[in-house]
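Put together the whole structure using the sequences plus the hints.
Given next are the chains, with one letter for each unit.
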Amino acid sequence: MYILIVEDDYLQAELIAEALQNEPDLTSAKINRISTERQFRERFEEIACNSPDVIIMDVMLRWTDPAPNMIEPPPEIKMEGFHRAGLRNEKLLAGDIRTRDIPVVLYTILEATDLEGELESPRVYFQPKDSQYGPLAQTIRTLMRRKVI
Amino acid sequence: MSVVPLTATCVRKVVDNYLPQRINHLSEITTDKLASKAHRFPFLTGKRNVHLSDAYPASKHFVYMIGQLSDNPGMAKSAQESIQPDDYLAEVVSTAFGQGELSGLSEMLKRISEAAHAYGCIIWEVAPGSNLESEPPKGHLFVLAEWFQDGSVFAEHDMPLMESVEGAVIISQKPENVTNVQQDMGTNSNPASRRARDTLNFQTICAVPISFTDSKNTKGVVSLYRNAPYPFTEEEFARIRQMARLIPALYQAIRDRVSHKLIRQVNEVLHEADLGASGKLLLVDEMKRVWNQICAVVAETFQCIETSIFMEDPLEMEGAYRLAGTTWNQWAHMKDTYLARAEEGTTGWVLAKKQPVRIVNLENFERDKSIIQREYPNLRWNDSLNIKVSARKALKLNNKFRLPPLSFMAAPIFRDEKVLGVIRCSAARRVPYYFADRDLNLLKLVASQISRFWSNWLFRREIEIEKQAWQSLVNCISQLNSFVQQELQATTPSMQHIFHRTFRVARDVVAGADIMDVRLYDADTQELYFDAVYGAPWKKGNSAEVKARLEQRFLVNDHPPVHPLEVQVFHSGQAMGIFNAEREGYKSSTFPETERIIVAPIVVQGKVVGVLDLRGTGSQKFPAHALKVAELLGQQLGLYYYLTTAIGELRQTETELQRREKERSQTNEDLAHQLKSPLIQAHARLQAILYEDKINNVRLSPQYLALRGLISKAKRVSMSTGLFAELARESAVRIEPQRLRRLTSDAVLRMLIEAASDNELLIEPYREIKFRVNRKGFEVLDGCSVYVDPDLLEQAVSCLLDNAGKYSFPHTVVEVSGGLTKGRSFYVSVVNRGMPVKQHEINSCKQRLWRSEQATWTTGEGSGIGLWVVDNIMKAHGGELLITPTTSEGITQIRLIFPAKK
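Going line by line, the protein sequences match chains A and B. The letter at position 69 of the first sequence is residue 69 when you use the numbering used here, and the numbering goes up by one with no holes. The letter at position 551 of the second sequence is residue 551 when you use the numbering used here, and the numbering goes up by one with no holes.
You may find that some hints are simply not true.
As the list claims (entries may be wrong) - Computed beta-carbon distance windows for the label pairs:
no., chain 1, residue 1, chain 2, residue 2, range
1, A, Gly95, B, Gln485, 49 to 55 Å
2, B, Leu849, A, Asp25, 43 to 49 Å
3, B, Asn774, A, Asp25, 49 to 55 Å
4, A, Met70, B, Arg742, 41 to 47 Å
5, B, Arg742, A, Asp25, 57 to 63 Å
6, A, Met70, B, Trp850, 18 to 24 Å
7, B, Ala688, A, Asp25, 34 to 40 Å
8, A, Gly95, B, His571, 55 to 61 Å
9, B, Ala688, A, Arg141, 36 to 42 Å
10, A, Thr27, B, Glu889, 48 to 54 Å
Calculated directly from the structure, the hints in this document are not laboratory data. Computed from a prediction, not measured in an experiment: that's the story for all the values here. Even glycine gets a Cβ: it sits at the ideal position worked out from N, Cα and C.
As structure tokens, then:
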């Protein structure tokens, strides 16, 4: 099993990975992490070719890490900012035949009401961030079962 | 050869006229022979050598007459024979062409008389109203012109057609030579003829019919008289008939000349007035001078005692025709204003009927009233000039002398259908004493010249007034806008103030508007009600009446036969005006004295919310542009109404928002405090665990360290939230004095090292950002005292380190150091190599919610309040947040500077 975590807080990402790998049925899962929106775009081909079974997607993501020669974000991202970066990533996935069926769990500090009207795809699941990771693991299991069926 | 009768008067006139001026070429006669008759001709005494000209025809008559006088038949005969018939005619013609006044007709008659050796000559004209076709013919004759050797004035105007020689000639259209008037029935059968005979003492008449060249071919007769018993010879009769044939055409020539001269003079006066004004409007006094000049030239032409012009000035008083100019020297006592009513007399009649009037002799007005009123129905004569007395004064005639005829004529001055004024002439000083139709036609021409000038002047004045009014309006609107702008800054802007200010503008711009109001629509009752009023009439009556007037309401959804004007405007959304209440049948129930009214809609966002009502009660009519002005004011009021309402609502919203913001700030502050307390405890307990592990030499758990970093971050965010709320409410961070502690190097180092460690732990390991605290500089704290609120210092430091961690480039070591500035202040410095801070961004960095564009690319959190909070913390300490722009090497330094005491 292959889980991709898109999360810009590395402590958070570590906790998620650790918690999931502590789940008996997910111990052997391969877990990768992407930390910025730019990285997600750069690695999109890789994701398409080697599709994860599930993507755990943060909603608020920075565009990039500071660097002397930073690549500017596209105009629409400049305009919209970081607040809905995860949703933009999800749209990219939905727009590609190779990735449109990958289940996406929006794992965010935001409330479901904050994203009202923005969660339209049946492939996308909302899961609020919590100190307990059991619900997240449960959601992943549910998704995996559906995929098998 | 006939003997020419010569009287002393005749000779005197001949000599007076010819001797001094007209003798150019000389033929000498001696006056010795005149000496024997010197007692008859005293004026010749001493004149021994009288030179006569034979080049000038007139002198031949003189020779003839002198020959007769001096018992020198040869000389007389020779002179008479040398005078050819053509000479008489040429003389008459040249005399006529030399005349520039109507009285010049007398000169022509003089020549005729002289040519026929007559005592005098009269041209009679058939009076208006006469009927030559009736059986028997009815009517009478009047004297058009006359000349007598002795200067007698006859000027009859009621010589009957029947029973007079002159009438008989006109009726028969055959010349007549009455050799002995004593035996002629026609000259004795009526008082006028007898009066003529007695006054002029004539003994023989020669009368020839003529037809004037006017459109009616008016009939007349030329009569020559002799007061000596020498009848006109056949030769003279024939000559008179020849000359009489010329009279109508010559008379017309004189008239044309006079008419042309008058029209030219009037044109010159008006043209000069225009030139003198140089494109500007003539002032009242200048206009008066123009009118007086016109009156003068008209009076000179018609030789009348009085010529007056009455004009209406619509701006001064509509319908009142005031004296504009006159030749009447007693103008101060004359009626100076006329209304267009027949009861006002002849002048009022002309104004009312828009028709000219001509009266042959005012003296006989009452006698001839029925005949006059047949032509001019209901015409009255009120004798406003007391004409008989005034004419005597003007002509310097005492009561022994009979007044000449007092003829009158007046012509309306109008443009299209509108009567602008009237010009009138009364009582001629000289012949012809009667104003004929020809004169009236000429007066009408002058009236039309005046009409063009006055219309043009009124139009220009209207334009000028309109221009000034619009300029004034623009200024007023500008001032009104400023006023409204100020009013809108008030806590509660008042539409009442704005309405009243607008009324003042309307009063200044729409001259004559003396009652005003604004009526607004009450949606609940569907009525218009008075919201603001202006003008003294609103206060008329007792308090109950005033109240009742103000409390009136006007239903807009009922169905009466006719809605009030205000309701009509409310429905149509179009401005409406009534400019003559009486003429348009308008009657106001609130103010019956209303003469004119304009109502304009007040429209807000396409919807009529009320109306502006301007009324005038006085004589001053509204200017032409008043409707447009009212419309504009209505639009302005709509705009002000909208702004006032919108700003009022905004103010309310703002107040509500401020109240809510305050509540929220308080809640945030409260929550931040509630959060801070357990975080502090959690931090403290964790510190205790870590300290114990360290003492026991147990390896520090990464989880614990991460936990401490997270708790520190949570503390910082919590505190920032509290400070943010506090700053939103108080505008400054307050430090309670009891919270100030003296900063020691140990304490500050411990805090910095821990903060550096916590921040380093929170950063992605792959970015390899390290923090290094340089201990050495902090030793300065041992030599000076710096007081800080430890929590706020920790907050400020954490914020700087957090920023350094977030914005540093990979592989950067963030240097933290301390020391004293040159000014001996204590500083904590954070230096890194990362995203640059440009010079122009220094101030922005300290602004609330400001983030550089690049900063938004590299963080998935943050709101831009960090440095703003730090800046306020430093200000609260009397210190400074000093941001140094990034150097060319990419180094950025930020310092916290605290005041230090030695």
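Hint by hint, which ones does the structure fall short of?
-> none
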